[in-house]
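Here the protein sequences come in this chain order: A and B. Per my numbering, residue 1 is the first one in the first sequence, and the count goes up by one each step. Per my numbering, residue 550 is the first one in the second sequence, and the count goes up by one each step.
Quick caveat, the hints were computed from the structure, so don't treat them as lab data. Mixed in with the good hints, there may be bad ones.
Claimed, not checked - Some chain B residues flagged as far from chain A (calculated, every beta-carbon gap over 10 Å):
hint: 1; residue: Arg575
hint: 2; residue: His659
hint: 3; residue: Arg780
hint: 4; residue: Cys819
What the hints assert, rightly or not - SDA-like, lysine to any residue: derived pairs with alpha carbons at most 20 Å apart:
hint: 5; chain 1: A; residue 1: Lys35; chain 2: A; residue 2: Ala47
hint: 6; chain 1: A; residue 1: Lys322; chain 2: B; residue 2: Ile680
hint: 7; chain 1: A; residue 1: Lys311; chain 2: B; residue 2: Lys627
hint: 8; chain 1: A; residue 1: Lys186; chain 2: A; residue 2: Gln215
hint: 9; chain 1: B; residue 1: Lys627; chain 2: A; residue 2: Phe171
hint: 10; chain 1: A; residue 1: Lys337; chain 2: B; residue 2: Lys627
Fair warning: this is a prediction, and the values are worked out from it, not measured in the lab. Glycine included, C-beta positions come from ideal geometry on N, C-alpha and C.
Residue-level listing of the chains:
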Amino acid sequence: MSDTRTAERIFAGGDIITMDDAHPSAEAVAVKGGKIVAVGTRDDVMAWQGPTTEVVELHGRTLVPGFIDGHSHFINAVRLGGWANVSAPPAGKVRTFTDLIATLKASATKLGLKPGEWVMAYGYDVSAMDETRDLNRDDLDAAFPDNPVMVLHVSLHGAVLNTAGFKAVNFDLNAPTPQGGMTLRKPGSTEAAGLVMEHSFLPIFMQMPSPSEQQQLDAMGTAQELYASFGYTTIQDAPMEPATRPLYHKAAQQGRFYLDIVGYVNWLEFPHVLETGAEPFNGPYDNHFRVGGIKIIGDGSPQGKTAFLTKPLLTPGPAGEKDWVGEPNVTPEDLNKVVKLAYDNGVQVMTHCNGDATIDMMLDAHEAAGAPAGKRTVIIHSQIVRQDQLDKYVTYGFLPSFFTNHTFYWGDVHVENLGKERGSFISPTQSARKRGIRFSNHTDFAVTPLDAMFVLWSSVNRLSRSGHVIGPDERLTAHEGLRALTIDAAHQYGEEATKGSIEPGKFADFAILDANPTKVDAAAIKDIKVVETIKDGKSVYMRESAPAA
Amino acid sequence: MTRTGVWVIGGYLGAGKTTLLNALLRAAGGIRYGVLVNDFGSVNVDATLIAQTGTDAVELTNGCTCCTIGGDLALALKALMEREPRPGRIVIEASGVADPQAVARIAACHPELDVKGAVVVVDAETILERIDDKYVGGLVRRQIGAAGTIVLSKVDLVDGQRLADVRAWLMQTYTGIPVLESGGDGCAVEAAFDPAFSATMSAETAVAGDGGHPSFVTETFRATAPLDRVRFAEAADALLPVVARAKGTVSFAGDPATRYIFQLSGQRWCLEPLDVPDESQETQIVAIAIAPRRAALAAAVALLRRAETVSPAG
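Use the sequences and the hints to build the structure in full.
Quick look at the structure:
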């Protein structure tokens, strides 16, 4: 028998969800040269077995296509690389200050930090912990007398520092609170207690040393590991900062990428990038990196009350404004110009639009550019989209990338701010699906945690923190929800011919799950763990505590 | 520790923010500026000017507006303040959709920055339509409300009726905020960024109240050779009935070692010798008056030309 019929690996012995509508399930998959060569019954696929073939027994676990990140900020994973995760469940394990300090200690030991070196952590959110007051510098000083410590708030808009930390950034503990700031004080004292938020945090933010290029290059590995640990094999950074573009090219040249990274150019520098030919738009992956198009930021966020709406919020604006509708982050003139420029040059447009007024602006821009077909324009978030706008999505081929994690994290807040009808229609996945719209679903990491199974759970359950179902009619089945993380997300990138489903000829990008999300109870989807991630046929992540059988 | 002064230039797309910024750099007079710009496309700030004046220009990337914290701006300010030597003054040209007040608040958080104020440029040609735009009307109105000084641009491009309508609308809607009128050349620049002028304009605007909120116009006088002292004094007297405030630096013939600061305020003017005279022999005087006195101001400032003819020493 010829070598050409010998697979490198064959996966069998568990459920295989192919996401290929023609053949939704299979018993085995054979892989060779980084690609899928056979999918089907165990007998058929075993025809590919040769003396060198590794047969990977799934032992009842479930094989799915590697997850494709609809939208996130990979650079955040690079920057948070060496930091301790002090998130409360479900994003982490920290419930008490004792847990938190133990996590910091473990991180400092792991990194071999010397006295004077920063101990950094992210994800602090007292409202999700079993504590009744905020963490303060006394808590931290006892454990870290000689190291500056900064525990970033989950919002990334503030932090708790210890005394050494405040000293290291020259923060005057008695400085008055600036407008728009919040400095927690020690009881009966004018001294800062530890937590500083918003504009009080800015002076600290402005004093922190920026990571060097080398530090960022060195963090690429752990950053990808974080994504791989949740089953992602294709990931996004949008928009790239101007300084991040050369960084990614360098990382690619040095062979530091093993997952596929798709970067989107910041629209503000797009004309310059286009003029100078600095980026190969629409080029193939070069050592796992490619530039996918441009990212425009159309407005803000609903929870920040900076999404741009056609009808006012029911609650006051961020500065107490009445009848607040938010504001766009781009002028209609510039938006029309940049969309046209991108279309004319065959460059994909991805626009962050949370509010329906911003979506109207994008629809206008598309029309002003002559409403060309086949552009696969992506409307990131599309959270407060209207029914009539979804109809136009169909007409214009707009692809929403929804954000159903919001139903859990801010669902209750949205209903309060937007009213029941608008609040419940947030990320209307089922309304889009019924229209035949293909959409992805994303984490917007670091805005919400990367866990793809949590994303799936949120799209199937739409359960808020307080236990309310936010828009029951918009819930998806688990299979429909998986499409948004696999084949339809691949379609968003124009990569559906090579990724997103388990079919012969496609890349052998898989995630192995410890349970089948289409078979478990809907509520249990979030407890499913990724036990292994495979990119181009090679294992790139193995869960340490995964039981052998 | 001397804090670095920061100005914010706000206003909608196309209002003339960059024209004003270029004019400011042109009039830099040895001050090294740090400039933050937020442009779509190429940077419109005059590259030659940036090179000539040693200006540090940093582009903002307008990253995440979900973040009210403005990390992008904070990092750009941080970068500017780490330059060696530090810029003498910083100007932030806000994006066409930015709230100048929010930008100023972020800058104010840097312990070594001193926010001097927000100048918002309003386009006389388009403003009355723009304020009713379904997308940006609200934000344009809020931008103007955030101004310490309003620069009303392109007044040379509109007819008298239009200018009157715009003035009336600004007066009624933004009572108490001084308005400085400017043609296409950004000529109002010295007055817009000088605290002495804004103080005068604010005071007069406050006194005027609802009834007669005036706009201001400016004229600049420049001379390269030293002036005749007697003729200068006569011309300065003639400015008094017309001018609300004037300020500048003067050199006189026969007195090469001394440079004077010329100040006109209220109903008097004075000359004070500069503590540290520079090498220059040039004279530059900026004068402002309320808009109805535009012609009178031009005529009065033109009279200063007479001092260019130096009478024989006698």
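Checked hints:
Look at Arg575 (chain B): its CB is around 25 Å from the nearest CB on chain A, clear of 10 Å, so calling it non-interface holds up. At the 10 Å boundary, the C-beta of His659 (chain B) falls inside the reach of chain A, the nearest C-beta of that chain being 6 Å off. Look at Arg780 (chain B): its CB is around 51 Å from the nearest CB on chain A, clear of 10 Å, so calling it non-interface holds up. With 10 Å as the threshold on Cβ separation, the claim that Cys819 (chain B) sits away from chain A holds: the shortest Cβ distance comes to roughly 38 Å.
Taking the CA atoms of Lys35 (chain A) and Ala47 (chain A), the gap is near 17 Å; set against the 20 Å cutoff, the hint holds. As the CA atoms of Lys322 (chain A) and Ile680 (chain B) are separated by approximately 18 Å, the hinted pair is consistent with the 20 Å bound. Between Lys311 (chain A) and Lys627 (chain B), the direct Cα distance comes to roughly 38 Å. Violation of the 20 Å bound is thereby established for this hinted pair. Pair hint Lys186 (chain A) plus Gln215 (chain A) does not hold up; C-alpha atoms about 36 Å apart against a cutoff of 20 Å.
The straight-line distance between the Cα atoms of Lys627 (chain B) and Phe171 (chain A) is roughly 15 Å, inside the 20 Å bound, and the hint therefore holds. Distance check on the hinted pair: Lys337 (chain A) and Lys627 (chain B) sit about 31 Å apart at the alpha-carbon level, beyond 20 Å; violated.
The structure shown violates the earlier hints numbered 2, 7, 8 and 10.
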